[in-house]
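A.B. asks: These are the residues of each chain, in order.
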Amino acid sequence: MIAALTSLTILGVVLGLILGVAARVFRVEGNKLAEEVLGILPGSQCGQCGFPGCAGAAQALAEGRAPVTLCPPGGRAVVLALAAKLGKDADMADVKESVPMIAEVKEEICIGCTRCFKVCPTDAIMGAAQQIHSVFREACTACGKCEEVCPTESIKLQPIPVTLQSWYWHKPLATGSAA
Amino acid sequence: MKLFNLRGGVHPEGRKDLSADIPVRVLPLPKLLFVPLQQHIGAPATPVVNVGDHVLKGQLIAAAQGTVSSAIHAPTSGVIVGLGDHAAPHPSGLPVPTITLESDGNDAWITTETVTDPFALSAEDIAARVAAAGIVGLGGATFPAALKLNLSRNSGVQTLIMNGGECEPYLTCDDRIMRERALEIVEGIRLIALAVAAKEVLVGIEDNKPEAIAAMQSAVKGSEVKVVAMPSMYPMGSEKQIIQVLTGKEIPAGGRPADIGVLVHNVATAFAVQQAIRYSRPLLSRIVTVSGGAIKAACNVEALVGTPVQELIDFAGGYSQPAARLVLGGPMMGQQFSNTNVPVVKGTSGVLALTSQEIGQAEASPCIRCSTCVRACPVGLLPLEMAAHIRISNLAGAVTLGLKDCISCGSCSYVCPAHIPLVHYFNYAKGDLATQERAKLKQEATKKLAEARNERIARIERERAEAAAKRKAARAAKEAAAAAAKAEVV
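Just so you know, the protein sequences line up as chains A and B, in that order. One gets the working numbering by counting positions in the first sequence from 1 and adding 46 to each. One gets the working numbering by counting positions in the second sequence from 1 and adding 517 to each.
If you're looking for bench data, these hints aren't it; they were derived computationally from the structure. The beta-carbon is built from N, C-alpha and C at its ideal position, and this holds for glycine as well. Keep in mind that the hints are not guaranteed to be accurate.
As the list claims (entries may be wrong) - Across the chosen pairs, the derived CB separations fall in these ranges:
{"no.": "1", "chain 1": "A", "residue 1": "V195", "chain 2": "B", "residue 2": "S873", "range": "52 to 60 angstroms"}
{"no.": "2", "chain 1": "B", "residue 1": "G610", "chain 2": "A", "residue 2": "V195", "range": "37 to 45 angstroms"}
{"no.": "3", "chain 1": "B", "residue 1": "N971", "chain 2": "A", "residue 2": "L203", "range": "17 to 25 angstroms"}
{"no.": "4", "chain 1": "A", "residue 1": "Q176", "chain 2": "B", "residue 2": "E619", "range": "39 to 47 angstroms"}
{"no.": "5", "chain 1": "A", "residue 1": "V165", "chain 2": "B", "residue 2": "Q852", "range": "39 to 47 angstroms"}
{"no.": "6", "chain 1": "B", "residue 1": "V565", "chain 2": "A", "residue 2": "G93", "range": "44 to 52 angstroms"}
{"no.": "7", "chain 1": "A", "residue 1": "E153", "chain 2": "B", "residue 2": "K989", "range": "40 to 48 angstroms"}
What the hints assert, rightly or not - Restricting the straight-line Cα-Cα distance to at most 20 angstroms, the calculated cross-link-like pairs of lysine to any residue (SDA-like) are:
{"no.": "8", "chain 1": "A", "residue 1": "K78", "chain 2": "A", "residue 2": "A129"}
{"no.": "9", "chain 1": "A", "residue 1": "K217", "chain 2": "B", "residue 2": "L918"}
{"no.": "10", "chain 1": "B", "residue 1": "K964", "chain 2": "A", "residue 2": "P118"}
{"no.": "11", "chain 1": "B", "residue 1": "K989", "chain 2": "A", "residue 2": "A50"}
{"no.": "12", "chain 1": "A", "residue 1": "K217", "chain 2": "B", "residue 2": "G610"}
Hey, can you work out the whole structure from these sequences and the hints?
C.D. replies: Printed below as a string of structure tokens:
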């Protein structure tokens, strides 16, 4: 019994060491640009761009397989940063930033199943089993993952309500070629 | 005293004679008062009363929250009938959290103490009392006054400037308060000077207010305070411009007056400070100019914070002709509004009902590059170039040209012969840039949150694996021991 345990442990340690050293020596250099692009992306792994997480999206961006406007939660700021990093023109027409959204729980039909807060990539939902859940507005990125898993359609994305702090005058309507 | 030249500026028609010669009257007690929780720059106050509570005049009803915030007190005695939303005195008219107070008609004060020698108080004590009284800058910016005192004391102030410029047309509330309450104002000024240890104290008043200058001059006799008459020009009452005229110093781009050792306060703020220090009376009311061509009898009224604007208009006799535009504040920088049920707040200097002739709105025509706006700009910017950039959504280009130094005074729009809404462009661009800035901050916060979550999940997994390994090892040891015992028995 003891002999078997020791031999297996030694085997494990030795093989592990070999693997560890090999990983260091034969390390494959990742794409530097992709890593930098990853730094710009929100990192919430929401998957709305169609790539498996932000790393996949960064890889695609670095290889030029994806447009800089791919990240909905990133909004205009991320598009501009990506365009600057990759030396591309940001085509704002593709940015769907018409209304910024936020998740909101309809309290009457929330059954407290905890599914939404388990998938939330930014811990923006608070809740416990059999308790009504709630969303932290400041932390929600409107990635929509919670909406997908909610069994009662109680959590939905809503436009962010305008407050006195976020309200500002609209752009003046250009009459003729004014200004 | 030698005055320095102001760059740019415009000379709009004053129209102050409409209300300047009528003494301030106190508005009758309104039945309902709507007191918004945010009447200052910074975080909104937190309510400390509940619906149904009976409060006395001057009682704290909402406490300051965080460093940049201000306390709010009950403007009269009565019952709290609502903690909810009410339309804001703002162009958007959006609902904001508001405490609704039904007055009981007694106007009964809380017990207040009178300080016989306020000049014996320490600088810290003065600032603390000013903070407790919920005083904010009454010139319109509504920055918490106590915070400004503390910041200035720490950075060291050479010159304290009291702003009695009141360069906005129509407004005469500062003019009236200086004529009628000069002694109290001067005491307040000396208290502020004590609180920040200022070496020089100047009161700048535009020379279109000779009575106010005379009243202040006789009130400052025998003190270190100096009254200075300044030429009448818009925007003389803007913080940066009054500093430039009186001291010849210019605040660096993006800087604050404290950077060059100057502190600016409004004269009405000085009155509020005097009331708070000597009589422990919090800021509950202010003088508001009700004027404009569409108002029957323009006047100045002392109105409680929370009074619906409609009551002020009614008190001034209502409309003499249809108002084309309603404005809170002055006509140059004020905010237009449409719902007259919005309340007077600490920063409301005027309620104007203007006729269509007065606003003189005309269709914008193309820019002819006459550069009149460049000559009018008191900051030395190129309004026509900035607007051209903003029009094609090149906000970054406008920022390079100095958009962030624009004080939104509206001088450029006022002089533009093509009626281009220049300052509207700048206000839009500043709002859009602020939104972008907020989005960027949120982006950074999101990143941190996502990382923290990933780390937490990894840690939980690791701990679970460790616990499982431990259990397994314990079980293996137990089995081994049992096997050994068995072997011994055999």
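A.B. asks: Now tell me, hint by hint, if it's right for this structure.
C.D. replies: Going through the hints against the structure:
Taken as a hint, the range 52 to 60 angstroms holds for the pair V195 of chain A and S873 of chain B, whose Cβ atoms sit roughly 57 angstroms apart. A beta carbon spacing of about 39 angstroms between G610 of chain B and V195 of chain A agrees with the range 37 to 45 angstroms that was offered as a hint. A beta carbon spacing of about 23 angstroms between N971 of chain B and L203 of chain A agrees with the range 17 to 25 angstroms that was offered as a hint. A hinted range of 39 to 47 angstroms for the beta carbons of Q176 of chain A and E619 of chain B is consistent with their spacing of about 41 angstroms.
Our hint of 39 to 47 angstroms for V165 of chain A and Q852 of chain B holds, since their Cβ atoms are close to 44 angstroms apart. Taken as a hint, the range 44 to 52 angstroms holds for the pair V565 of chain B and G93 of chain A, whose Cβ atoms sit roughly 46 angstroms apart. A hinted range of 40 to 48 angstroms for the beta carbons of E153 of chain A and K989 of chain B is consistent with their spacing of about 44 angstroms. The hinted pair formed by K78 of chain A and A129 of chain A meets the criterion: a straight-line CA distance of about 17 angstroms does not exceed 20 angstroms.
Note on K217 of chain A and L918 of chain B: the hinted pairing holds, with a Cα-Cα distance of about 19 angstroms set against a maximum of 20 angstroms. Restraint check for K964 of chain B and P118 of chain A: the C-alpha separation of about 15 angstroms stays at or below 20 angstroms, so the hint holds. Taking the CA atoms of K989 of chain B and A50 of chain A, the gap is near 16 angstroms; set against the 20 angstroms cutoff, the hint holds. For the suggested pair K217 of chain A and G610 of chain B, the alpha carbons sit about 18 angstroms apart, so the restraint of at most 20 angstroms is met.
No hint from the list above goes unmet by this structure.
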